[in-house]
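J.: These are the residues of each chain, in order.
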Amino acid sequence: MNHSALLYLLAGIAGGIMGGMGLGGGTLLIPALTLFLDVDGKQAAAINLISFIPMSLVACIIHAKNKLLDFRKALTLALPACATCALCSLFAQKVSENTLSSGFAVFLICLASVMLVSRAVESVKKIKAKICSSLPHPYV
Amino acid sequence: MRIRSCINAQNTVMEKIKEFFAKHKKTAFAATLAAALLTGAANGLFGGGGGMLAVPAYTVIAGEEPKKAHATAVAAILPLSAVSAAIYLAGGNFDPSFGYYVCGGVIIGGIAGSFLLKKISSRLLEFVFYGVMLAAGIKMLLR
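Protein chains in written order, with this note's numbering: chain L, 1 to 140; chain V, 1001 to 1143.
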């Protein structure tokens, strides 16, 4: 433990808020821990995985009550994913910290660029549609 | 000219992809399988980020509405996280000296976040979030 307990708690809260809002908490919590609090990457990964379990259990119960949860679709994704997940976690234990963090960095950059571009395109389309609908009748 | 641009505005690339998957069921199944394998790989290798792949897989390939896709993705990631958490724990990767503080923070933040979700418009927040994600990735690569 290199920093005060409060900093670790705050990092957790920031990541949790993002996760709770459905924006992917781990993708922010892991870099926050490794870049600002000098936590080892695998430690950060383990913390993220462990803290996700109680969080998502509660979320699942709430979602199931609201009938937003499709169990069959969840299973079709979870079953094949479990296989690669187990293999890759075992593999990650053997790989050096630097390789993993570079891989994660590339993963983050790719995801963020794709999402930024798609959101930007979406926003432009929405603005365009708004302008179109405000035009006089023959143009709509 | 103007009329055509109005039509284009409603017919996005995303919708074309969704239509394609709705017509070609076998391709959709293969794409779902590929997305599942990638989700598992990301969750196992990096200890997170699986949901960022699972949600678009549900919305784009299965044509699910965003809220339902998100809920289903959370349920799908839960067993994955349990598997990889167990492997990471067995590998001795949990330091209890600060691990408990972060986990506590995540739970507090998670409850706060799910209440905030109803109150804050997420469009601007999404841009900020993905911007920070991009910056974090670049900084991690340059370190």
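Any given hint could be a false lead.
[What the hints assert, rightly or not] Mimicking BS3-like on lysine-lysine, the simulated pairs with C-alpha atoms at most 30 Å apart in a straight line are:
hint: 1; chain 1: V; residue 1: K1068; chain 2: V; residue 2: K1023
hint: 2; chain 1: V; residue 1: K1139; chain 2: V; residue 2: K1068
hint: 3; chain 1: V; residue 1: K1025; chain 2: L; residue 2: K125
hint: 4; chain 1: V; residue 1: K1025; chain 2: L; residue 2: K130
hint: 5; chain 1: V; residue 1: K1068; chain 2: V; residue 2: K1026
hint: 6; chain 1: L; residue 1: K94; chain 2: V; residue 2: K1025
hint: 7; chain 1: L; residue 1: K94; chain 2: V; residue 2: K1068
hint: 8; chain 1: V; residue 1: K1068; chain 2: V; residue 2: K1016
hint: 9; chain 1: V; residue 1: K1139; chain 2: L; residue 2: K67
hint: 10; chain 1: V; residue 1: K1016; chain 2: L; residue 2: K94
hint: 11; chain 1: V; residue 1: K1067; chain 2: V; residue 2: K1026
hint: 12; chain 1: V; residue 1: K1026; chain 2: L; residue 2: K67
hint: 13; chain 1: V; residue 1: K1026; chain 2: V; residue 2: K1016
hint: 14; chain 1: V; residue 1: K1018; chain 2: V; residue 2: K1067
hint: 15; chain 1: L; residue 1: K73; chain 2: V; residue 2: K1016
hint: 16; chain 1: V; residue 1: K1139; chain 2: L; residue 2: K73
hint: 17; chain 1: V; residue 1: K1067; chain 2: L; residue 2: K130
hint: 18; chain 1: V; residue 1: K1139; chain 2: L; residue 2: K65
hint: 19; chain 1: V; residue 1: K1026; chain 2: L; residue 2: K128
[To be verified] Calculated Cβ distances over 12 Å to all of chain L for the following chain V residues:
hint: 20; residue: F1020
hint: 21; residue: T1072
hint: 22; residue: K1139
Note that these hints are calculated values from the structure, not bench results. Yeah, the Cβ is synthetic: ideal placement off N, Cα and C, and Gly gets one too.
J.: The structure should be examined with respect to each hint, and the outcome stated for every one.
T.: Verification of the hints:
1. For the hint pairing K1068(V) with K1023(V), the CA-to-CA distance comes to about 21 Å; that is within 30 Å, so the pair holds.
2. The hinted pair formed by K1139(V) and K1068(V) fails the criterion: a straight-line CA distance of about 34 Å is larger than 30 Å.
3. A distance of roughly 28 Å separates the Cα atoms of K1025(V) and K125(L); the hinted pair therefore holds under the 30 Å criterion.
4. In summary, the hint linking K1025(V) to K130(L) is not supported, as the alpha carbons are separated by about 34 Å, beyond the 30 Å threshold.
5. Restraint check for K1068(V) and K1026(V): the C-alpha separation of about 23 Å stays at or below 30 Å, so the hint holds.
6. The straight-line distance between the Cα atoms of K94(L) and K1025(V) is roughly 39 Å, outside the 30 Å bound, and the hint therefore fails.
7. Distance check on the hinted pair: K94(L) and K1068(V) sit about 37 Å apart at the alpha-carbon level, beyond 30 Å; violated.
8. The straight-line distance between the Cα atoms of K1068(V) and K1016(V) is roughly 21 Å, inside the 30 Å bound, and the hint therefore holds.
9. Note on K1139(V) and K67(L): the hinted pairing is violated, with a Cα-Cα distance of about 41 Å set against a maximum of 30 Å.
10. Pair hint K1016(V) plus K94(L) does not hold up; C-alpha atoms about 42 Å apart against a cutoff of 30 Å.
11. Distance hint between K1067(V) and K1026(V) is fulfilled; the C-alpha atoms sit about 25 Å from each other, no more than 30 Å.
12. Note on K1026(V) and K67(L): the hinted pairing holds, with a Cα-Cα distance of about 27 Å set against a maximum of 30 Å.
13. Distance check on the hinted pair: K1026(V) and K1016(V) sit about 17 Å apart at the alpha-carbon level, within 30 Å; holds.
14. Pair hint K1018(V) plus K1067(V) holds up; C-alpha atoms about 17 Å apart against a cutoff of 30 Å.
15. Pair hint K73(L) plus K1016(V) holds up; C-alpha atoms about 22 Å apart against a cutoff of 30 Å.
16. Restraint check for K1139(V) and K73(L): the C-alpha separation of about 36 Å exceeds 30 Å, so the hint is violated.
17. Restraint check: the Cα-Cα separation between K1067(V) and K130(L) comes to about 24 Å, which is no more than 30 Å; the hinted pair holds.
18. Distance restraint check for K1139(V) and K65(L): the Cα-Cα separation of roughly 41 Å exceeds the 30 Å cut-off, and the hinted pair is therefore not satisfied.
19. The straight-line distance between the Cα atoms of K1026(V) and K128(L) is roughly 35 Å, outside the 30 Å bound, and the hint therefore fails.
20. For F1020(V), the shortest C-beta to C-beta distance to chain L comes to about 17 Å, beyond the 12 Å cut-off, and the non-interface label holds.
21. Distance to chain L contradicts T1072(V) as a non-interface residue, since its nearest Cβ pair spans about 5 Å, not more than 12 Å.
22. Against chain L, the non-interface label of K1139(V) is violated: not every CB pair exceeds 12 Å, the least being about 6 Å.
The structure is inconsistent with the numbered hints 2, 4, 6, 7, 9, 10, 16, 18, 19, 21, 22, although it conforms to all the rest.
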